[in-house]
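Using the sequences and the accompanying hints, generate a full structural model.
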Amino acid sequence: MELLLDFVIVGVSIGIVYGLVALGISLIFSGLDIVHFAHGEFYMIGSFLGIAVILFTGAPYFWALIGAMIISGVLGVVVERVFYRRLTRGGGGYTVAGMGMIICGFGMSVALQNVAYLLWGAAPHPYPVGFGMPIFLGNIALPKSYFYILICALVLMTVLHTFLTRTKLGLAVRAVAYNKDTSYLMGVNVPVMISLIFGVACAMAAAAGVLIGPINYVQIEMGYLMLLKAFAAAVVGGFGSLPGALLGGIVVGLFETLCAGYLIASYKDIYAFLLLIVVLMVRPTGLLGILVKVKA
Amino acid sequence: MLSIQGVITGYGKVQILRGIDMSVSQGQIVALLGGNGTGKSTLLKAISGLLPVWDGAIEFEGEPIQNRRPNEIVKRGLTQVTQGKDMYPAMTVEENLRIGAYTRSDRAGVLADMGKVFDYFPVLGERRSQLAATLSGGEVQMLVIGRGLMARPKLIMLDEPSSALAPRIVLDIFSIVNRISRNEGITILLVEQNVRMALLLAEYGYVIRDGVVHIEGASRELINDDNVRLAYLGGTVTDAGAELAH
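Protein chains in written order, with this note's numbering: chain A, 1 to 296; chain B, 1001 to 1246.
Possibly wrong hints are sitting among the right ones.
Said to hold, decoys possible - Straight-line Cα separation of at most 27 Å, DSSO-like style, residue types lysine-lysine; simulated pairs:
(1) B:1154 with B:1075
(2) B:1085 with B:1075
(3) B:1116 with B:1154
(4) B:1085 with A:168
(5) A:168 with B:1075
(6) B:1116 with A:168
(7) A:168 with B:1154
Stated by the list, open to error - According to the in silico footprint, chain A covers these stretches of chain B (three or more CB under 8 Å from chain A):
(8) 1073–1081
(9) 1089–1102
To be verified - A few chain B residues that face chain A, going by a derived Cβ cut-off under 10 Å, partial list only:
(10) 1045
(11) 1048
(12) 1049
(13) 1050
(14) 1069
(15) 1070
(16) 1105
(17) 1147
(18) 1148
(19) 1150
(20) 1151
Quick caveat, the hints were computed from the structure, so don't treat them as lab data.
Glycine residues also receive a C-beta, built at the ideal position from the N, C-alpha and C atoms.
Here you go:
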């Protein structure tokens, strides 16, 4: 029983981190009509930036989280403006430009990984924070960082949700995500909104990176697997749906942890994709696939 | 108020408009007529800034607006109301109206105008917290017109408000549009395929064909014009043939 509780806490925490990255992928998909294949790299760079903030300023973990989010958000806006905008102007989705965008995303992923290699090297870095003694649930010790993940991620999600549903700017973001031309006619400055969407998405990925840092070592190749898992989470939840991305993340994280715990642990990374395949077979729109996107 | 001179544009390399000239005066309702694929919607997109203008000039209140960004043009008071399918289905009725007022920062004014929209279209008031996806076709058309009003425009361009609606509902909507134009002093450029209805509402009409203005004139004259009657007011090809044979 205690073991199950432990698995559930771990699974939900990991899942919520998948959810944060999936949220960004979903946001970018809605806003720019592209699947952003370099998103895992923003997660990785965000994680390193968190370390950098802690080492250079001696700031506590919480401020490292905020700092990494801001820097990654700005970095995301720059990457979008400088490299992606030329391609997305020609239209995303299934057009030729959309295909170009996918290739460009892979290219950006390689480029960012190499930038990270030059800056931080190939060795895994431990996170320079200590959360003190683990919490004991009966016989099982659970590091406190899992609880940090749960709390921080839930706060972030709440803030994002409030922003999207309660503010005028959030309303405009949702409008742009649904239909750019109509939103332009409402007087929304669509190019600026697209940058904002990209920045927020990258900041969310960075937050995921900083949150997972204390659990795993940070290294430059961590983005690739995260991208695939987050992608699975986004699809399981319903591609383009933000609550779906979060739900999908939690489902994937929980499923993976439980399977790894009770079945074969070394197959851990396979379970997420097994779930993906099953969901695509049974319910191709995902769990919360709803009216969120019109394709021109 | 709005004057268009020799506007040429198209999509990619395909030219659609081959030099359009027209003008809309303050307080008028002007109809822009023509069949499918004649360039009506293309012209609207060029005016509202969604489509670059290759050549020619578009002036709004004496200032050139061609090739400006759509959001700047909306701020000047020129709003395009797209067809009903362009509402935001995953937003509530109220949110749809709020996004219409995006360019404005006067909260009290926005609230007052929302009240006004609910006066013109009471059914929207009843459904204000419902998702737009749950509205009927007629209600959606009312919603997009209301959303256009929320920007407090000087000129509204209505893109086929009658499309895919029952005649009875079209009549309702047209009479409300008429009231809005008169009460609020809003100039209206009405794009329609439903020529008879449009000419009943408008004072002046332009008929475009193959990317140029084919016929223009006061509505009363257009209704009685043989060419318009033949081509758009229920005259079929066989009718035309019979008349030619005489």
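How the hints compare with the structure:
For the suggested pair residue 1154 of chain B and residue 1075 of chain B, the alpha carbons sit about 10 Å apart, so the restraint of at most 27 Å is met. For a cut-off of 27 Å, the pair hint linking residue 1085 of chain B to residue 1075 of chain B stands: about 23 Å separates their Cα positions. Restraint check: the Cα-Cα separation between residue 1116 of chain B and residue 1154 of chain B comes to about 16 Å, which is no more than 27 Å; the hinted pair holds. A threshold of 27 Å between alpha carbons decides the hint, and for residue 1085 of chain B with residue 168 of chain A the separation of about 23 Å falls inside it, so the pair holds.
At roughly 16 Å between alpha-carbon atoms, residue 168 of chain A and residue 1075 of chain B fall within 27 Å of each other, so this suggested pair holds. At roughly 21 Å between alpha-carbon atoms, residue 1116 of chain B and residue 168 of chain A fall within 27 Å of each other, so this suggested pair holds. Distance restraint check for residue 168 of chain A and residue 1154 of chain B: the Cα-Cα separation of roughly 23 Å lies within the 27 Å cut-off, and the hinted pair is therefore satisfied. Counting residues of the segment 1073–1081 of chain B whose CB falls under 8 Å from any CB of chain A gives 4; the rule of at least 3 is met.
Proximity of the segment 1089–1102 of chain B to chain A, defined as three or more residues with a beta carbon under 8 Å from a beta carbon of that chain, is established by the 8 residues found. With its C-beta approaching chain A no nearer than about 8 Å, residue 1045 of chain B sits inside the 10 Å limit, and its interface hint holds. With its C-beta approaching chain A no nearer than about 6 Å, residue 1048 of chain B sits inside the 10 Å limit, and its interface hint holds. Restraint check, residue 1049 of chain B versus chain A: the minimum CB separation of about 8 Å is within 10 Å; hint holds.
Restraint check, residue 1050 of chain B versus chain A: the minimum CB separation of about 6 Å is within 10 Å; hint holds. For residue 1069 of chain B, the interface hint holds, since its Cβ comes within 10 Å of a Cβ in chain A; the closest pair sits about 8 Å apart. Residue-level restraint check for residue 1070 of chain B holds (minimum Cβ-Cβ distance to chain A is 4 Å; threshold 10 Å). Interface hint status for residue 1105 of chain B: upheld, as the beta-carbon distance to the closest one in chain A is roughly 9 Å, under 10 Å.
Using the Cβ-Cβ criterion of 10 Å, the hint placing residue 1147 of chain B at the interface with chain A is satisfied: the shortest such distance is roughly 7 Å. Taking 10 Å as the C-beta cut-off, the interface hint given for residue 1148 of chain B holds, the closest approach to chain A being about 9 Å. For residue 1150 of chain B, the interface hint holds, since its Cβ comes within 10 Å of a Cβ in chain A; the closest pair sits about 9 Å apart. Look at residue 1151 of chain B: its Cβ gets to within about 6 Å of chain A, closer than 10 Å, so that hint holds up.
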